[in-house]
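Generate the whole structure from the sequences, applying the supplied hints.
Chains as they are written, first to last, in the working numbering: chain A, 25 to 204; chain B, 5 to 300; chain C, 1117 to 1236; chain D, 3 to 104.
If you're looking for bench data, these hints aren't it; they were derived computationally from the structure. We treat Cβ as the ideally placed atom computed from N, Cα and C, and that holds for glycine. Warning: the hint list may mix true and false statements.
[What the hints assert, rightly or not] For the chain D half of the interface with chain A, some residues (derived, Cβ under 8 Å), not all of them: (1) V8; (2) I19; (3) Y22; (4) S26; (5) I33; (6) M35; (7) E38; (8) W52; (9) M70; (10) A74; (11) L75; (12) Q86; (13) T90.
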Amino acid sequence: MGGNFIIVMNIIRLSILIILGLGAIWFAWRVFMTSSMVRSALSLLASMAILGMMFLVMEAEFLGVLQIMMMATEMSIMAIFMMMYMMDPGGMGNMDMSHQKKLSIGTSLVAGAMVIVAVSFSNWETIATEVPTPAKQNYDLGMELMKRSMMIFETAGTSILVAMIVSTATALPFKNKKDD
Amino acid sequence: MMWMIIGIGCLVSIYAIVVLERRLVYKTWEFGYPVAAFASYFIQENVKPRKRDKTFYETAPILFITVAVLAIGIFPWAESSVIANMATGALFFNAALAYIMVALVMAGWAPNAVYPMIGGWRFMGQLIAYSMPIVMAITATVMRAESMNMMAVVESQTGLWNIVYQPVGFLLFYAASLALTFLPPFDLPNAPGELEGGVFAEFTGTRLLIFRLGRIILIFSLSLGITHFFLGGWAGPFLPGYVWVFLKTILVACSFFVVGNLLPRFRHDHTLEWSWKLATPLALFNILWVGILLLL
Amino acid sequence: MSALQQYTILFGMIVGTLGFVIVLYLLHRKMVKMRKEPAKDIPAESGRLQPKPAWGRYHVHYYGYALLFLAFDMEMAYMYPWAVIYKEVGITALLDMGVFLLILFLGLLYTWNQGGLKRQ
Amino acid sequence: MIELIVVLSVGAVLFGIGIYGALSQTNLVMIMMGIELMLGAAMLNLVAFWRYLHPEEYSIQMFVLVGMTVMALEAAVGFAIATQRFRTKGSVEMEEASDLKE
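Below is the structure:
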């Protein structure tokens, strides 16, 4: 009875993964197929949130919830920047905003097909069936952060600082000393 | 049996919050007001604006109410009854509430009208303001509990509630939740009297009903959040745990309305300035404070 | 309860809310008839007609904050796992996170100094 | 085994769509959307490798965190560049940006 139950659970999980994956692909495709800017930003958000749900199905709880949360703010900020710079953000005029179509379709097809072929013909040795519980994952990730990956963590801090300084210095208008 | 009591308790406290809002904001006792308001929105016609974005127009109210309900799901009601005992509960609460902003931006964009759009982008600015304080305040409570699980957060407060342990964090979380539920003094996204209702201006009938209901549930879940993160959750003498949870939640919701009536409205750029120049350094200070207290 | 069961319960809550909304919409459609009147569906604009669609370019005055927020936001990805183990690791963790937050705070100070923290 | 292959294939298709977007769009912000899609696909693959091959290796989860950071930072710097180009040229179309070559 136990064996049957596990097999049924596996089939259900596989089908959920397939459905979520198809959803992510559909929304990712919609991003470039619409001329309304807020629509394409929010389609990207939907695609990324579905990726987060796939992380949850794969039992990486912290990463999944974090992905779902981060992308909400990031993609909405993307939407406001689109609003600021586009000629026609509502897509009322149905402008075509693409170029070098053949080249890009060809490249993407070749790249995707190569990866899929590589994935399906490589030899994945042993597949893990059990993963640590989410609470243990949080604990171990924290330990990893403090012990082995500490330099990575601090480097991430400095790169965030660099990005802040670069974006501030680039984006803001020049400060006029006389106005102060 | 237990779950029946909790479900009825939720409905009763949501009803009580609406009645008390009537009392505290408009100074009248109207015990039938929630039913009357529900019926009056329900029999309204659904007038839809002319050139709308159909998908967003339908999605926005549903997304709004869904995430407000989801945020309730992770909170414990008594020692052992919790709907979903997630190990990442505190972060999940945050993640669900980030989608309130997405729903409002959608609602602002969809009707192709000027007032809702300005309201939506304003709420986006408000998110940039309240997000950092709320996250850092939650982090400080997580530090004390050594776990992101809500049960652990509540259990860590036996003896000393977090409101005493980290008062700065409580103040920041309180102000941020006022901004998140866009109650006054942070009610710029739907600014009655300035933007004609802002993001809700073009929604009528059942969709507006869903928005109003979602807003009440949002206030309820935020009060529940304050109760669990800072006021000790189910802890309290004599009465059973869930009674304390509901009592504290209703009290916190009432204090929202009282505080909102006392303060003048903030302009959205002032909210941003105060948040980044004062609240974010204070939140960092709060984390340092908790860190030093924990090591002593 | 395992983690996957909890996600199932949360998903059930989503489905329940959706069901409630859909039932409400269906009841409304059955019970309330919409009367046809000309120009009922024009967006509200304080009595004047809209000259052009609202979906145009819009200057968001807080973009300085938005840029800062995008980068500053990432700090919490590292902060939550750190907070979980903070008490156990002790003073090392305090110093590590202190350095990290100090670095980020420098960025905030720089933006403040350059005038990013105001309405553009 | 089959779950791993399904997830990796989803990642591959997303990567392909990302390449298509990054190459074919003329607008800077849209190009960044393509890049974000590619990074998202990479993160999906990393999580799949963690789940099905090495559940005990937490450096993979660390890698995903770094990937998310890269995504946010790329967005911030990209928007800053877009703001500057919009201020000086009045548009963010990349076909008009050939003056950057000189």
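Hints and how they fare:
Hint status for V8(D) relative to chain A: holds, with the closest Cβ pair at about 6 Å, below 8 Å. A hinted interface residue such as I19(D) counts as satisfied when its beta carbon comes closer than 8 Å to some beta carbon of chain A; here the least separation is about 5 Å, so the hint holds. Because the beta carbon of Y22(D) sits about 4 Å from the nearest beta carbon in chain A, less than 8 Å, this interface hint is met. Using the Cβ-Cβ criterion of 8 Å, the hint placing S26(D) at the interface with chain A is satisfied: the shortest such distance is roughly 4 Å.
Taken as an interface hint, I33(D) does not check out: its beta carbon lies about 11 Å from the nearest beta carbon of chain A, beyond 8 Å. Among the interface hints, the one on M35(D) holds; its C-beta lies about 5 Å from the nearest C-beta in chain A, closer than the 8 Å criterion. Among the interface hints, the one on E38(D) holds; its C-beta lies about 7 Å from the nearest C-beta in chain A, closer than the 8 Å criterion. The beta carbon of W52(D) comes within 7 Å of a beta carbon in chain A, closer than 8 Å, and the hint placing it at the interface holds.
For M70(D), the suggested interface contact is upheld, since its CB lies about 6 Å from the closest CB of chain A, less than 8 Å. With a least beta-carbon distance of about 6 Å to chain A, the hint placing A74(D) at the interface is held under the 8 Å criterion. The restraint placing L75(D) at the interface with chain A holds, with a minimum CB-CB distance near 4 Å, inside the 8 Å limit. Against a cut-off of 8 Å between C-beta atoms, the interface hint on Q86(D) holds, since the closest Cβ of chain A lies about 5 Å away.
Using the Cβ-Cβ criterion of 8 Å, the hint placing T90(D) at the interface with chain A is not satisfied: the shortest such distance is roughly 11 Å.
Of the hints listed earlier, those the structure fails to meet are numbers 5, 13, in rising order.
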